[in-house]
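Participant: Here are the chains, one letter per residue:
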Amino acid sequence: MSRQSMRANDPKKVSGELFTLTYGSLIAQLLKDYENVDDVNRQLERMGYNIGMRLIEDFLARANPGRCYDLRDTADKIQQAFKLYLGVSPSIGSWSPGGDEFSVVLETNPMAEFVELPDHCLGLRYSNILAGVIRGACEMVQLEVMAWFIADQLKGDNVTEIRVKFVKRLEDAIPAGED
Amino acid sequence: MSGSKQRPSILDKSLSRGKTEVSLTAYALLFSEMVQYSHNRVTSVNELHNKLSELGQRVGVRMVELLFVRERNYKRETKLLNILLFVKGTLWKSLFGKEADKLDRATDDERIYYLIEKEPLVNRFISVPRDKSSINCAAFIAGIIESVLNATGFPAKVTALWHKGTTFMVKFDDTVLTRDKQLEGR
Chain A
1 MSRQSMRAND PKKVSGELFT LTYGSLIAQL LKDYENVDDV NRQLERMGYN
51 IGMRLIEDFL ARANPGRCYD LRDTADKIQQ AFKLYLGVSP SIGSWSPGGD
101 EFSVVLETNP MAEFVELPDH CLGLRYSNIL AGVIRGACEM VQLEVMAWFI
151 ADQLKGDNVT EIRVKFVKRL EDAIPAGED
Chain B
1001 MSGSKQRPSI LDKSLSRGKT EVSLTAYALL FSEMVQYSHN RVTSVNELHN
1051 KLSELGQRVG VRMVELLFVR ERNYKRETKL LNILLFVKGT LWKSLFGKEA
1101 DKLDRATDDE RIYYLIEKEP LVNRFISVPR DKSSINCAAF IAGIIESVLN
1151 ATGFPAKVTA LWHKGTTFMV KFDDTVLTRD KQLEGR
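Chains A and B, in that order, give the protein sequences. So the first sequence is numbered by our numbering: it starts at 1 and just counts up by one. So the second sequence is numbered by our numbering: it starts at 1001 and just counts up by one.
Simulated from the structure, these hints should not be mistaken for laboratory data. Remember, it's a predicted structure, so these values are computed and weren't measured experimentally. We put the beta carbon where it would ideally sit given N, CA and C, even for glycine. It is possible that part of the hints are untrue.
[Stated by the list, open to error] Counterexamples of contact, computed for chain A against chain B with all Cβ distances above 10 Å:
(1) V14
(2) E35
(3) V141
[Unchecked claim] Okay, the calculated bits of chain B under chain A, using three or more residues with CB under 8 Å as the criterion:
(4) 1157-1166
(5) 1169-1183
Chain A with its partners taken away, still in its complex shape (with noise of 0.2 Å):
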């Protein structure tokens, strides 16, 4: 007979597959649309910015995190927003000697389940869309990052691997503009 997966059903959480098969469709959609590997990359990236604006208020709400006072309490929130939003527990190292930089490594990459990248996609920054979410986020809370992937298991490397720098503090006065 059938093995049903015996979900606890849990109104706050859906299934992993649904959201990684529909993100696939959206990358499938995207290099369909775009026809090249650079602009999927940066359309995902938008993307992922408009998420990370709208998260933000989801996270601060739910997890309460109080405020960052420097980049390693940025750098511990990041950890927790990867537990709560997508049930994985990146680690966070290789700081830069200054402090502004730092990783976030992630041993299995929820978005690229099933996947496998094709000989003419090897450009394509598969999970991309978190880079934009880890930006758009942090600049709803007055920081100003930059997000970009290292490592990526789709490409062979042992670990997928976002690198995190932190560019400068926004001022209250500037408002946050739309893309």
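Based on these hints, arrange chain B on the given structure of chain A.
Facilitator: Positioned in the frame of chain A, the structure of chain B alone reads:
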């Protein structure tokens, strides 16, 4: 692992058991971006539905592969009613954690079935503008159902309607009914 940058083949990994979960917020925001993206590239409600359905179809074909290997021991369905029950039960449970609310057959046309879901996941956070009240983002799920039926050999057209919540109207191709009748005798 050796240091060589050999990309791992997906077939080397064991099949996921389908227990992973992500937050509903993450899914809702991702889906919302997809709707907005699609919305920006179309000019009519119909086109939007087609776009969303297309996005769903790519999810559907993959679910067929996954579920028949994992849950059904590689055995596909051949009977019309069974495949509909598969959609209502197994497929719905793996995607949404519950069975679909109801399965009905149209009284006037034997090719048409209705699958009723009061509150589909993807519509929970979508507010429909009043001047375009026919928009239904469940077109995405309609696309999933359609591709599942097509991939299992039951060509059909699936549309999402606002009726008792959301209803998916499944209209099978004539060939499906003819074949099903032939099978009945055995």
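Participant: Hints first: check each against the structure and report whether it holds.
Facilitator: Okay, the hints, checked on the actual structure:
1. Annotated as non-interface, A/V14 brings its C-beta within 10 Å of a C-beta of chain B; the closest such distance is 5 Å.
2. With a least beta-carbon separation of about 14 Å from chain B, A/E35 lies farther than 10 Å from that chain, consistent with its non-interface assignment.
3. No Cβ of chain B comes within 10 Å of the Cβ of A/V141; the nearest lies about 17 Å off, and the non-interface call holds.
4. Closer than 8 Å: that is the beta-carbon criterion, and the segment 1157-1166 of chain B has 0 residues meeting it against chain A, so the requirement of 3 is violated.
5. Evaluation of the coverage hint for the segment 1169-1183 of chain B: breached, as 0 residues show C-beta separations to chain A shorter than 8 Å, against a requirement of three.
Checked against the numbered hints listed earlier, the structure breaks hints 1, 4, 5; every other hint is satisfied.
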